[in-house]
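Construct the entire structure; sequences and hints are all you get.
Protein chains: 2
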Amino acid sequence: MAEKINSRTYRFTRDIFINSYATVTGPKEYAGPIGAHFDYHFPDNLNGEASWEKSEQKLQSYALELALAKGNLEAEDLDFFLGGDLLNQIIATSFTARGLNAPFLGLYGACSTLCEGLFLAAALLDNHIGAHIAVNASSHHDSVERQLRYPTEMGVQRLMSAQWTATAAGSYILSPKPSPWQITAAVPGRVVDWGIADNNDLGSAMAPAACDTIAAFLKDNQDSPLPDLIISGDLGVLGSKICAKLLLNQGYDIEKIYADCGCLLYDPAQDTHSGGSGAGCSAAVLGAYILPKIKAGELNKVLVVATGALLSPTSTQQGETIPSIAHGILIERNSSESR
Amino acid sequence: MAEKINSRTYRFTRDIFINSYATVTGPKEYAGPIGAHFDYHFPDNLNGEASWEKSEQKLQSYALELALAKGNLEAEDLDFFLGGDLLNQIIATSFTARGLNAPFLGLYGACSTLCEGLFLAAALLDNHIGAHIAVNASSHHDSVERQLRYPTEMGVQRLMSAQWTATAAGSYILSPKPSPWQITAAVPGRVVDWGIADNNDLGSAMAPAACDTIAAFLKDNQDSPLPDLIISGDLGVLGSKICAKLLLNQGYDIEKIYADCGCLLYDPAQDTHSGGSGAGCSAAVLGAYILPKIKAGELNKVLVVATGALLSPTSTQQGETIPSIAHGILIERNSSESR
Chain W
1 MAEKINSRTY
11 RFTRDIFINS
21 YATVTGPKEY
31 AGPIGAHFDY
41 HFPDNLNGEA
51 SWEKSEQKLQ
61 SYALELALAK
71 GNLEAEDLDF
81 FLGGDLLNQI
91 IATSFTARGL
101 NAPFLGLYGA
111 CSTLCEGLFL
121 AAALLDNHIG
131 AHIAVNASSH
141 HDSVERQLRY
151 PTEMGVQRLM
161 SAQWTATAAG
171 SYILSPKPSP
181 WQITAAVPGR
191 VVDWGIADNN
201 DLGSAMAPAA
211 CDTIAAFLKD
221 NQDSPLPDLI
231 ISGDLGVLGS
241 KICAKLLLNQ
251 GYDIEKIYAD
261 CGCLLYDPAQ
271 DTHSGGSGAG
281 CSAAVLGAYI
291 LPKIKAGELN
301 KVLVVATGAL
311 LSPTSTQQGE
321 TIPSIAHGIL
331 IERNSSESR
Chain D
1 MAEKINSRTY
11 RFTRDIFINS
21 YATVTGPKEY
31 AGPIGAHFDY
41 HFPDNLNGEA
51 SWEKSEQKLQ
61 SYALELALAK
71 GNLEAEDLDF
81 FLGGDLLNQI
91 IATSFTARGL
101 NAPFLGLYGA
111 CSTLCEGLFL
121 AAALLDNHIG
131 AHIAVNASSH
141 HDSVERQLRY
151 PTEMGVQRLM
161 SAQWTATAAG
171 SYILSPKPSP
181 WQITAAVPGR
191 VVDWGIADNN
201 DLGSAMAPAA
211 CDTIAAFLKD
221 NQDSPLPDLI
231 ISGDLGVLGS
241 KICAKLLLNQ
251 GYDIEKIYAD
261 CGCLLYDPAQ
271 DTHSGGSGAG
281 CSAAVLGAYI
291 LPKIKAGELN
301 KVLVVATGAL
311 LSPTSTQQGE
321 TIPSIAHGIL
331 IERNSSESR
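Chains as they are written, first to last, in the working numbering: chain W, 1 to 339; chain D, 1 to 339.
Some clues are possibly wrong.
[As the list claims (entries may be wrong)] The list that follows gives simulated cross-link-like pairs (lysine-lysine, DSS-like), each with its CA atoms no further than 25 Å apart:
(1) W:K245 with W:K295
(2) D:K70 with D:K241
(3) D:K241 with D:K256
(4) D:K177 with W:K4
(5) W:K177 with D:K4
By construction, these hints were calculated from the structure, which means they are not laboratory data. These numbers come from a predicted model, not from an experiment.
Have a look at this one:
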């Protein structure tokens, strides 16, 4: 029986943990500042597959296999597999599910998918539905760019506000078995659309949604100590500045504890312009950068806010603006399992 | 705390009900054998909108507004909005969510989306997460056909195994408040792929997945009375025959209690070939045909098994077969609220 705290925070009653996880990326992400922390990386974006879409599916299945192995688990131990990606009809995830016996719940939350999945997995476990639930999210630079923007081979010049869709997948296995990483609460997001229509500036479109969710969390939990870190999913350089400014306008000065996964994944010298993006961005940075710091005691309480732009090429072509969403997950350090 | 029954059935502990619902369709569905039972129908597939995609979004928002009104509820009463559709990046659903203050959880289960959403909504409510949760699913013949097959204007001759994607949406509002329709259990589906690659014969591709879920339910619940009706989502004429045959091969003779939403939506004279399909098919037939019969006492226990083909045009073009899934929801008559 989860407990609702004020307007939109749900605190889980059972102790739910990230039992195991793994991250797999492409070569550009491996070459970035946190590249050494990924569990595995492909030598190139195809990794020997016949298409970028098949390569993205392999990112997902490798991540899941590694997460299972790191947790001394078998695929047969999974009671559910949840996940999504940015491809039409989420084929990278569905074709990964094909290799499993576990029931599959497909999600579409654009780049917010990881936190949507972590919320649902924790809520199911909190209700004793399943003992081990895997959550996957991925994106692939080349499969996404050609689907959502231009054929990759055209080499269209990118605007400075554009972000670089990450070639990355993360897989997280949740269970009630204690680990250093406890998921204690969640703030599910609502759709916010401030009228931005430029699909080369998704960070600006998503910033108000991130602000909405972070402000809801801070207001709901004003009697609790602040998190050590609030990290958004993929607002990038431009969007994260807007998000911090919007929060400041509401009286929340979080600058000292705020970061964005899209700003951590690449080095500015890698020419990604406004930083990283994609459902795989937060899925890779959470495992490679944040969870180790929690285990080491450098961080004790982290609000992860994965952000999603719910547009499609069709909606853009039909003149629509960009509805956005952000789901927050609170991860707290379980000191008895950390060292 | 939900209870797991044998391999894959989950029984909810709280009493969870379909508190209100509404169905909206296009003119062809209205002209069909159960057309008089839909809450509203569009005069044509555009309904005055500038595109089929915008028309599909209106199907969804009309269905939700009607479901709220029929239940004497306001949009502000919703704690969550769950749903999905077949469009790339589920824009019909995301743009419906834009008009709401409730948190949004986007789903992609192809035509199984309704039952995926009903399962998750019931599981959340069972864990006291939310008091009213809306679940939407839709499809639109013209937006889907041009996206998944050929430009609609080409008028490509359809194979006899092909089904007609329904222009339809259903919206279901779940809560613990008693109604005639109690959701007592669910059987989440796993991905099954028997190697069918023909996207003009999705019924055959999905039949093994439907069989897998129905057989799991029958085996898990062999000590309980059989449902009065087991109804699959959109296997159509061909797929539903295959499903019944596959179950018979496993020793389950369900012919007398088995039906398929895709076979009920249209009259054979409407030239739909193998029947109806689409995420809106089961979403419309459940509300228009099944729930009234439960309320009237003609049916007491119904297993609804929405079926989804998890392909995309890209996966088909890349030579892939069709992974399929089927999620089952058990709806039982609450006689104290029926008359």
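Tell me the numbers of any earlier hints that the structure contravenes, in ascending order. Numbers 1, 2 - these are the hints that the structure violates, sorted from lowest upward.
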